[in-house]
Each structure stands twice: as C-alpha cells, then as structure tokens.
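Visitor: Chains as they are written, first to last, in my numbering: chain C, 1 to 169; chain L, 1 to 303.
Don't read these hints as lab results, they were simulated from the structure.
Note that CB positions come from ideal geometry on N, CA and C, so glycine has one too.
There could be a bad hint or two in this list.
Counterexamples of contact, computed for chain C against chain L with all Cβ distances above 12 Å [what the hints assert, rightly or not]:
no., residue
1, LYS5
2, ASP40
3, GLU59
4, LYS62
5, THR67
6, ASN71
7, ALA72
8, VAL102
9, ILE146
The calculated BS3-like cross-link candidates involving lysine-lysine, where the alpha carbons are at most 25 Å apart (straight line), are [what the hints assert, rightly or not]:
no., chain 1, residue 1, chain 2, residue 2
10, C, LYS48, L, LYS60
11, L, LYS40, C, LYS135
12, L, LYS55, C, LYS48
13, C, LYS153, L, LYS9
14, L, LYS40, L, LYS9
15, C, LYS106, L, LYS24
16, L, LYS40, C, LYS165
17, C, LYS106, C, LYS55
18, L, LYS40, L, LYS60
19, L, LYS55, C, LYS135
20, C, LYS165, L, LYS9
21, L, LYS60, C, LYS60
22, C, LYS149, L, LYS9
23, L, LYS40, C, LYS35
24, L, LYS59, C, LYS5
25, L, LYS153, C, LYS136
26, L, LYS131, L, LYS150
27, C, LYS106, L, LYS40
28, C, LYS135, L, LYS9
29, C, LYS165, L, LYS3
30, C, LYS5, L, LYS3
31, L, LYS24, C, LYS18
32, C, LYS153, L, LYS18
33, L, LYS18, C, LYS135
34, L, LYS245, C, LYS165
35, L, LYS55, C, LYS55
36, L, LYS59, C, LYS48
37, L, LYS261, C, LYS111
38, C, LYS153, L, LYS24
39, L, LYS24, C, LYS149
40, L, LYS245, L, LYS300
So you can see what is in the structure, the chains are spelled out below.
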Amino acid sequence: MKDTKNVCEENTFNSIYKQYGEAIWRFIYYKCGDKAQAEDLVQDAFIKLWNNCAKVPFEKAKSYLYTITNNAFLNEVAHKKVVLKYQKSKNDSVNIQSPEYVLQEKQFQEKLENAIADLTEAQRTAFLLNRIEGKKYREIAEILNISVKAVEKRMSQALAALREKIENI
Amino acid sequence: MDKEQLLHKTLNETATDKELELLKQDARYASYLTIANASKNLTTPSFDSNTVLEKINNKKTKNTKVKKLNPITILTRIAAVLVLVFGSYLFYQSLDTSISTGIAQKETFNLPDNSQVVLNANSEVSYNKNKWEDAREVTLDGEAYFKVTKGHKFDVVTNTGKVSVLGTQFNVYNRNDLFTISCFEGLVSVTVKDSVIMLPAGTKIAINNGNIGNKQTITESNPYWVLNESSFKNTTVATVIDELKNQYNYTFTIKGNTISKKRFTGNITHTDIEIALESLCQPLQLTYSIDNNEITIYDKEQE
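Sequences and hints are given; from them, build the entire structure.
Guide: Next up, the structure:
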C-alpha cells in the first residue's frame, strides 16, 4: 500500500517548509524585490497550507504554495515599482584584473542590476529563476504554470531588453 | 540550428562546446551570453528561514485547536442521513393500515390473506400488514362482518374484548357499550375480561356494558346489514335510533320519556329513510316528522 504523507502532520509540514520555503521566498523576491514582503508572503502561504492541510494532498503541496504565493503577490504588490538588491557579487576573477577593468566591471554590474529591475515582472522572474537558481526551462514552466515555449519567449525578451539597456558591451 | 534555439539550449545547459563557440561568433548572441553569465553571479539576500518558520508556528498553533473542534467529517454526515432514511422507512413499515367508513357508507375489502371484511357504516378497522404473517390481528371500532380464510388464529380486538377464530364467518358489533358477536359458520371464541365463550355457528351473543347475556339462535346466513338492512329483536328504541344514526346522516330527536324504552323487533332498511322510519314507528304507534336534516319522533297519542 502506498504510504501517503499527511500535510496536517507537524513533521511532514516542517519538511515541506524546509524543502520549499527558501525557493518560494526567492521566487517571490524576484517578483517584488522586497525581503520583508517576500517573508510575509511565504509566511502567509504556509499558514494557508496548514489551515487547508486536509484538502491539499502531499504531492500537490509544492504547486499549491507557489500558486497562492503568486496570487497573494498579484493581489498586493504587483503594482509597486521593484528595486532588487543583490548581495555583493562574489567575483573571483576581480582581484587579478587591472583597476580600469575593475571599474568597468563595477559599472557593468550596476547597469545590469538596474536593467534587471526595469524588466517586466514576468520576464524578470523567469530570467532570475534560470540564471540565479539554475532552473531548467521545464521547471520554470511548471512553477509559473506556463508552457516551455512561453518561458523561451520570456527569456529571449529579457535578454534583448537587457542588451538594449546596457549599451556598449 | 536556429541561433535562438541554441541560446536556449545554452541557458538550459544542454548545449555542446561546439554549439557554444558557434553562438559566440554572432555579436548579438555573444553579448547575450555575457549578460547571462554576469547575471549568474548575482545573489539574493539570505532568507531568514528559522525566523519565518517560528512566525508560522506561532500563528499555526492557534488554528490547530480550531481544527480539532471540527470532527464531523462528510462520512458521518452521510451516515446520519442513512440512519434517518432507514429509520423513517422502518417507522413507516410499522404503521398500521387503517380503513374507516363514514355515516351511510359501507366498505368491502380483503385482508392480506384474502379474508374478507365488510365494514358497516361509521366504523374503523386497522391491522398491520407486516406482522400479518405472524399474527392475523385486526382492531375494530364499530361493526364489521368477517369471512376468514382457513389458517392459524384470527383475532379481532375491540375495547371490550377479543374474538378469536380459525376460519369462519362472523359479525362483530362494538358500539357504545354494546358488544355483539354473531357466528354464521365455524366456531368463534370470545374473550371478555377473564371469561372465554365458545360461540358455534348459528348463534349470537350480546355483551352489554360488560354483562354477558345468553346465547341466542340466529336463522339468517348473513348479517342483515350486509344486505342493507338492520335486524332488531326485542331491542330498545334508543339502540335502534343509535344504529339509524350510523346509517343515515340525520339528527334524531325523541319527544316523550317512554319512547326510548319501548322495544322493537323487525328489520329496517338502510336505503330509504321514509321506509325505515315507517317500519320503526308503525308497529310502536309512533309518528315522525322530517324537517331538513332533523327527524323528530313522538307518541301518536300526544297529538
């Protein structure tokens, strides 16, 4: 007989949180660019999951969490101007480069960050899920509930938009 | 292959080195790759996993109690509905079947074992269809004529006593305080309080207000009322009029103190009120008047 895990059980619920909590937080951070807001949304999503634990089968918990977090985001914060903050990039090669190059690199990085902030929410989320998380198109399609073809389109659009923003590279 | 597709292959990390080189030759795609690689080095602020989990758990515990107060599952609701449906079915099954007649109305019907019941006017018979196999028992209020098919014991229960038979034709009269049983065929046993009377064919017995009278012989093969007649033998006018009240929808008034105690012998029809009153009044030197639905009976001499 198949051993079905019950989301209502404390241990199962906690393991779901450990497995997906951070990924969902990052997913929503790419969208809203606000650390605290993303935390609140993740918190709300997991509490909703707990309240509805009887209705959500274990296998569906992941997509349930992504869906309600995304919906909550769309309801609350989609209209806000997004400015993402990134930790200082750990660029190993910087040390051995010339000061001019380092400056160039720094400028480039700044331009890139601004350009990413100017992407549409849909483009940015797909782009960062792929670039930072290293997620494959298929996984992104699943998370965003769109087709792989649509992910390709968003990636192409994102890159084209970034290239246009960051001139002279 | 299309360069756009090659780009996606690269981003998906499924492109070969050769394909990558090919892509780098195109200036536009080369810059795409630079951007893509630079973006790879971006990192997000760290996620404070434990703090968020703590917050979730704080809010969660409040809800757990609410959950536990809600143990009624859909299954128990279904069970409750089934119990209700089954229960009402059983209740319906246990209800008695009841047949009654109004004034001036007679009814002939069959019981589950094909025993025939002829119900006289203003009477009621009830029996239980489901227990019929176990006990042939009917409850009677009023008067009825039974033609019982052979079988095990057949009981007629009245408020005065019980009549038990095996297979016969008999009449039970149970109105006011008078309880009369006439047996036309077979053998009838009558139980009143503690005494049991065996009534053979062609006899009848009257129990008036608990007093058991003597057995009397009957000559007819059916009760007269089955043929739309009432037969009286040395009966008080009061009783005769009580019976007429069952057969005719009139109010009766008697003028004169002695009339009720006069005794009448003879048959009275159920089909014509004038003939019926004529049959009663002529031999007893009485007269009557009919005014709408009111019948008044008085002494001839008083006029």
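Visitor: A separate judgement is required for each hint: does it hold in the structure or not?
Guide: So, going through the hints one by one against the coordinates:
no.	hint	result
1	LYS5	holds (17 Å)
2	ASP40	violated (9 Å)
3	GLU59	holds (21 Å)
4	LYS62	holds (16 Å)
5	THR67	holds (18 Å)
6	ASN71	holds (18 Å)
7	ALA72	holds (15 Å)
8	VAL102	holds (14 Å)
9	ILE146	holds (15 Å)
10	C:LYS48 x L:LYS60	holds (9 Å)
11	L:LYS40 x C:LYS135	holds (11 Å)
12	L:LYS55 x C:LYS48	holds (13 Å)
13	C:LYS153 x L:LYS9	holds (13 Å)
14	L:LYS40 x L:LYS9	holds (16 Å)
15	C:LYS106 x L:LYS24	holds (23 Å)
16	L:LYS40 x C:LYS165	holds (18 Å)
17	C:LYS106 x C:LYS55	violated (50 Å)
18	L:LYS40 x L:LYS60	violated (37 Å)
19	L:LYS55 x C:LYS135	violated (29 Å)
20	C:LYS165 x L:LYS9	holds (24 Å)
21	L:LYS60 x C:LYS60	holds (20 Å)
22	C:LYS149 x L:LYS9	holds (13 Å)
23	L:LYS40 x C:LYS35	holds (20 Å)
24	L:LYS59 x C:LYS5	holds (22 Å)
25	L:LYS153 x C:LYS136	violated (89 Å)
26	L:LYS131 x L:LYS150	holds (18 Å)
27	C:LYS106 x L:LYS40	holds (15 Å)
28	C:LYS135 x L:LYS9	holds (13 Å)
29	C:LYS165 x L:LYS3	holds (22 Å)
30	C:LYS5 x L:LYS3	violated (45 Å)
31	L:LYS24 x C:LYS18	violated (40 Å)
32	C:LYS153 x L:LYS18	holds (24 Å)
33	L:LYS18 x C:LYS135	holds (23 Å)
34	L:LYS245 x C:LYS165	violated (111 Å)
35	L:LYS55 x C:LYS55	holds (23 Å)
36	L:LYS59 x C:LYS48	holds (10 Å)
37	L:LYS261 x C:LYS111	violated (128 Å)
38	C:LYS153 x L:LYS24	holds (20 Å)
39	L:LYS24 x C:LYS149	holds (23 Å)
40	L:LYS245 x L:LYS300	holds (22 Å)
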